[in-house]
Structures are given as structure tokens and as C-alpha cells.
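Going down the list, the protein sequences come from chains H, E and W. Under this note's numbering, residues 1 to 137 are what the first sequence spells out, in order. Under this note's numbering, residues 1 to 176 are what the second sequence spells out, in order. Under this note's numbering, residues 1 to 231 are what the third sequence spells out, in order.
A portion of the hints provided could be inaccurate.
Some chain W residues flagged as far from chain H (calculated, every beta-carbon gap over 10 Å) [to be verified]:
#  : residue
1  : Arg13
2  : His32
3  : Val75
4  : Arg110
5  : Gly117
6  : Leu124
7  : Gly151
8  : Arg153
9  : Ser167
10 : Ser179
11 : Ile220
Pair by pair, the computed Cβ-Cβ distance ranges are [said to hold, decoys possible]:
#  : chain 1 : residue 1 : chain 2 : residue 2 : range
12 : W       : Ser35     : E       : Val19     : 20 to 26 Å
13 : W       : Glu115    : H       : Phe16     : 49 to 55 Å
14 : H       : Gly79     : W       : Glu174    : 35 to 41 Å
15 : W       : Lys44     : E       : Gln67     : 26 to 32 Å
16 : W       : Tyr186    : H       : Glu106    : 34 to 40 Å
17 : W       : Lys44     : E       : Thr23     : 53 to 59 Å
18 : W       : Leu129    : H       : Gly79     : 47 to 53 Å
19 : H       : Val13     : W       : Pro125    : 58 to 64 Å
20 : W       : Asn36     : H       : Phe16     : 42 to 48 Å
21 : W       : Arg47     : H       : Arg81     : 58 to 64 Å
22 : W       : Asn184    : H       : Gln78     : 33 to 39 Å
23 : E       : Glu174    : H       : Ser11     : 40 to 46 Å
24 : W       : Thr114    : H       : Ile17     : 44 to 50 Å
If you're looking for bench data, these hints aren't it; they were derived computationally from the structure. Just so we're clear, the structure is a prediction, and the values are computed from it rather than from any experiment. Glycine residues also receive a C-beta, built at the ideal position from the N, C-alpha and C atoms.
Here's the letter readout for the chains.
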Amino acid sequence: MPKKVFKRFSSFVISFICIFSLAVPCLAATDNSARMTNIESAKCTLTFENGNVAASAKVTGVSGTEKCKVALYIQERQGSRWVTVDTCTEEEDRFVVSANSSIKAEKGTTYRAQATVTVWVNGTSESKTVTTQGETA
Amino acid sequence: MLVYLAMIDSPDDRHKFEVIYNTYKQLMYYIANNILGDIKDSEDVVHEAFLKIIDIFEKIDNPTSPQTRSLIVTITENKAIDLYRKRKKINIVPFEEEYLGVPEQSKIDQIANQEVIAKAILSLPGRYREVLLLKYAQGYSMDEIAVILSMTRENVKKTIQRARKKLEEILSAEEV
Amino acid sequence: MKLSEEMLYEHARKAEELWLNSLPSDDKIPEHRFSNKFERKMRKLIRSQRRSPGLNQFLSASKRIAVIALAILTVSFSCLMCVEAYREKFIEVITEIFEELTQFSFSSSRTEKTELGEITLEYLPDGMLEVYRECNSKTHNQSIYFEDIEGRRIGIDQDIMVDGKQSTMILDTEDADVSMIDFNGYEATLIVKGEHTILMWEDDVSVILVSGDFPPDEIIRVASGIHVSEK
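Construct the entire structure; sequences and hints are all you get.
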């Protein structure tokens with residue numbers, strides 16, 4: 001490759017790396033970016049037990065929480081998509097609530113658990129989504 | 001290395017380039033434009049030629065000597081022929097590449113008949129004349145010519161062989 | 001006609017002289033007005049030639065180093081902002097730090113089955129009463145919450161990690177003071193936000209989280225007194 005062309009190409013590549021590397025933290029920061037004022041913590045769990053895939057999720061609200069809600073989904077991977085195969089919702093007028101779900105696991109299938117948690121404080125609700133990594137049965 | 005450079009370096013050397021630029025830029029443009037017939041291409045060639053001059057700067061003693069003039073014109077012509085070849089791939093200028101850089105026939109005809117060989121060298125295609133003059137007039141080695149003309153040593157050797165063969169053909173035709 | 005080296009040397013100089021003479025003299029060359037772009041390029045070239053070769057080499061090397069350093073710095077920064085991986089004995093933690101929260105993803109390579117044991121506490125602040133307890137034998141986690149008359153709360157959460165289990169947790173770390181401390185020989189995350197404190201650590205078996213509306217030293221004292229009996 002001629003020297004001049006190579007110099008221009010390498011300058012372009014380095015600039016490209018710099019620009020799009022800086023884009024990554026910006027993009028990362030936008031995920032779950034709404035302020036977390038009502039939710040103290042939230043957890044989502046997936047495990048395999050006796051041929052079943054079990055999921056649980058829990059949300060804890062801050063002091064003054066009026067109500068909590070958890071919508072729990074067990075999802076299985078189908079190609080490049082995640083498809084919900086089971087769902088469970090729990091809602092309680094207190095600072096903590098948890099939801100549990102369990103279905104028969106298909107060997108070789110990859111599952112994950114996803115939960116949308118909502119906490120109400122002073123009439124204002126706040127929601128967040130927590131998702132586990134995928135695990136294969 | 002830095003100490004050595006500092007020892008041989010002087011303010012005069014640093015300004016030598018500026019002198020060369022001011023003295024030869026118009027001539028260099030003229031030569032390039034004669035071959036390429038395009039303003040932008042010709043300016044690009046002049047710039048490229050100055051970059052080459054920087055590369056071989058240590059070979060230039062007196063900026064205004066005939067040897068320096070010859071070297072600078074050779075470099076410019078060489079760059080212009082290179083660019084012409086590249087452009088030719090996409091058919092920009094219909095010109096017989098073989099005879100790029102050859103002086104006008106009328107000028108060659110004015111040369112006295114005693115100077116047969118010199119006359120024959122002048123009528124060679126630009127690339128052939130360049131290598132012969134760099135080697136036999138300026139006394140550069142094959143390696144030095146390779147650097148000046150941005151060629152490989154092997155290519156320089158082959159071009160000199162072809163130039164000599166062409167020169168012999170021209171001279172044989174003159175004898176007839 | 002065969003040409004010898006001597007003949008070429010003899011006549012080449014003359015040829016050169018004649019060739020140069022065939023070129024127009026300087027006063028006969030039509031003056032070309034160079035473009036601004038060309039002038040700019042040549043001014044830059046002349047400036048570089050005015051500098052000492054040593055300085056040119058230094059500047060050239062510096063430019064290259066600066067570009068490479070910038071590329072490395074940028075890529076490193078973006079990697080750091082995305083993922084930090086901590087390798088623990090059996091529990092792997094992937095920590096993702098966002099502006100408003102921090103997400104922890106836990107997994108384990110441990111294959112031994114461990115049942116949930118009973119949590120006992122050596123110490124609790126005065127007036128704390130149990131208000132919530134949950135024990136999930138399927139997903140191997142349990143939590144207990146205490147609250148006093150003033151509404152101050154303390155919570156203990158235990159998650160036993162085994163191979164094949166995935167657990168993800170988000171904690172509010174916006175405007176919080178987050179630090180890593182040594183807790184009973186384990187590296188623990190301490191999050192302090194106003195009057196609320198969270199202490200989280202992983203031992204060989206589980207992830208344990210103690211949170212409460214108390215200052216750090218009080219939460220650490222509660223955590224230090226936690227015992228989990230193994231089954």
C-alpha cells in the first residue's frame with residue numbers, strides 16, 4: 001500500500017477508535033439512567049433445581065415506601081431473541097416484596113430471569129429492570 | 001546521533017532549503033506542467049519533489065550550482081512521470097510516455113554534430129536520460145540513484161542497461 | 001555502435017549541460033501563481049526545515065507517542081467505564097457502574113450443594129424488631145428485616161451461589177460514597193448515602209448484604225455479629 005495512503009488510513013483508524021471508544025461509556029451511562037430515588041435495592045435470581053428453572057426477584061424501597069411491585073419473567077433464548085415463557089407479579093403495601101416462579105427446564109435451552117420492580121413513595125412511582133445473565137440448562 | 005547532527009548542522013544549512021525553494025519552484029512547476037498539463041497535479045508534484053529533496057538534502061552543497069539545478073530538475077521530472085503513469089491508468093492525458101521529458105526536436109537539432117553522443121542522450125526518453133546523467137554526469141552510485149528516483153537498486157540497474165541499449169540503437173541509426 | 005563506460009562518462013556531462021541549456025532561463029519561465037493550499041504546505045515544510053533535525057525528530061516522535069497514548073487512554077477509559085471484573089475464590093462478580101446505580105452480577109463455579117442455614121445475630125441496635133423474613137429453598141436466598149419505633153430499618157440478605165445460578169443486583173450508588181474495605185478478611189463494598197449504609201461481601205459460599213438506616217460503624221458492627229449455620 002502506498003505510504004501516503006497507509007498514513008491516511010492509519011490516522012483514520014486511530015481517530016475512529018478514539019471517537020467510538022468514547023461513545024461506549026456515554027451509551028453505557030444511558031442504560032437504567034433515570035434517577036433511583038425510591039428503590040434502595042433490587043435483585044433478580046435464576047437457578048436450576050431438579051430439572052426445573054427457578055427465578056426469584058425482590059425489591060426493597062427506601063424509608064417511607066408505600067407500595068412495592070415485582071413483575072418477574074422467565075425468558076428463554078430463541079435464536080437472537082429472548083422470549084418470555086413464564087411470568088409472575090407480586091404487589092404489596094410495604095417496603096419489600098418478592099416474586100418467585102419455576103418451570104420445567106428444557107436441556108440445552110438458555111434461560112434468564114428479568115424483573116421490573118416498582119416502588120411508590122409519596123404517590124410517586126419509580127421503576128427499574130434487573131436482568132440476570134443467561135444460563136443453559 | 002543527535003550530537004552528530006548538531007555538529008554538522010548550521011543556520012546556513014537550515015535556510016538552504018528556503019533558498020532552494022525560492023530559486024527553483026517556478027522551474028519545477030514549469031517542468032511538471034509540461035508533462036502533466038494540469039495545475040493541481042503539477043503543484044502536487046512540486047510538493048512531492050521538495051519532500052524528496054529533503055530526503056537527499058545532504059547531497060546538495062551549493063543550492064545554485066548547475067549540479068544542484070540538474071538534480072532538482074531530475075527529481076521533479078521523475079515525480080511528474082510517475083504521476084503521469086498513475087493517471088494514464090485512468091486515461092487522463094493521451095501522451096506518448098516513452099518520450100516524456102524529451103526536449104523539443106528543434107532544440108536537439110541546434111546541437112552541433114560533433115556532440116553526437118550528447119545529442120543522442122538528450123533524445124532518450126526522460127527516465128532513461130535521468131539514470132544515465134545521474135550515473136555518468138553526476139557520479140551517483142546505483143544505491144544513491146535508487147533513493148533519488150525512488151526505485152529499487154535492481155530497477156536502476158535494468159533501466160541503465162535499457163538506456164544504454166536504446167542509446168546504441170539511436171547512435172547506430174545515426175551512422176546509417 | 002558499442003558504448004563503453006569511458007565514452008559515457010566523457011559525454012554525459014556535456015549532455016547534461018546541453019539538457020539544462022534546453023530549459024528556459026529563470027527570467028523566461030512564465031510565473032505561476034501557486035494556490036493557497038500549496039503555499040500553506042510549503043510554509044509548513046520550510047518551518048520544519050528551519051528547526052534543528054534533532055528538534056524535528058523529537059516533535060515527530062512526540063506526535064506519534066501522543067497519538068498512541070491518546071488511543072490507549074481512550075480505549076482503557078471506555079473499558080473501565082463498562083466493566084470491572086473481580087475474581088473471587090468461587091464467586092465471580094461483574095460490577096457495572098452507571099451514573100445512578102451500580103449493578104452486580106454474581107455467578108459461581110462451586111458445585112457443592114449447600115442448603116440455607118439459620119441466620120443468627122450477635123448484635124442489633126436497641127429497639128430493633130423483626131418485621132419481615134423470607135426463605136426461598138429453590139433459589140437459595142433468604143432475607144430478614146428489622147425495624148425500630150422510629151422507622152429505622154436493618155436488612156440482612158444472603159444468597160448462596162452455586163454453579164448454574166445467576167444473580168443480579170442493583171444498588172443505589174448515586175451521590176453515594178462507595179469504597180472497598182477489608183471485612184473479616186474479605187473485600188467488602190461499603191456504600192454510604194446520607195444516613196443509609198450498605199455493606200456487601202462474598203465469602204466462599206454466598207453473597208451477604210447488610211443494609212440499614214445507620215452510620216457505617218453501626219452496620220459493620222451488626223455485620224460482624226452475623227453467623228450463618230451451614231446445613
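These are the hints, each one checked on the structure:
1. Arg13: Holds: least Cβ distance 34 Å, greater than 10 Å.
2. His32: holds, 24 Å
3. Val75: violated, 5 Å
4. Arg110: Non-interface label stands for Arg110/W: nearest chain H Cβ at 13 Å, farther than 10 Å.
5. Gly117: holds, 17 Å
6. Leu124: Its Cβ never comes within 10 Å of chain H, the nearest being 18 Å, so this holds.
7. Gly151: Per Cβ check, Gly151/W is inside 10 Å of chain H; nearest 6 Å; violated.
8. Arg153: violated, 7 Å
9. Ser167: violated, 5 Å
10. Ser179: holds, 18 Å
11. Ile220: holds, 18 Å
12. Ser35/W - Val19/E: 20 to 26 Å: holds, 22 Å
13. Glu115/W - Phe16/H: 49 to 55 Å: holds, 53 Å
14. Gly79/H - Glu174/W: 35 to 41 Å: holds, 36 Å
15. Lys44/W - Gln67/E: 26 to 32 Å: Roughly 28 Å apart at Cβ, these two residues keep to the hinted range, so it holds.
16. Tyr186/W - Glu106/H: 34 to 40 Å: Given about 37 Å between the Cβ atoms, the range holds.
17. Lys44/W - Thr23/E: 53 to 59 Å: Given about 20 Å between the Cβ atoms, the range is violated.
18. Leu129/W - Gly79/H: 47 to 53 Å: Given about 51 Å between the Cβ atoms, the range holds.
19. Val13/H - Pro125/W: 58 to 64 Å: holds, 59 Å
20. Asn36/W - Phe16/H: 42 to 48 Å: Roughly 29 Å apart at Cβ, these two residues miss the hinted range, so it is violated.
21. Arg47/W - Arg81/H: 58 to 64 Å: Distance hint for Arg47/W, Arg81/H holds at roughly 59 Å.
22. Asn184/W - Gln78/H: 33 to 39 Å: Between Asn184/W and Gln78/H, where Cβ atoms are some 44 Å apart, the hint is violated.
23. Glu174/E - Ser11/H: 40 to 46 Å: At roughly 54 Å between Cβ atoms, Ser11/H and Glu174/E fall outside 40 to 46 Å, so the hint is violated.
24. Thr114/W - Ile17/H: 44 to 50 Å: holds, 46 Å
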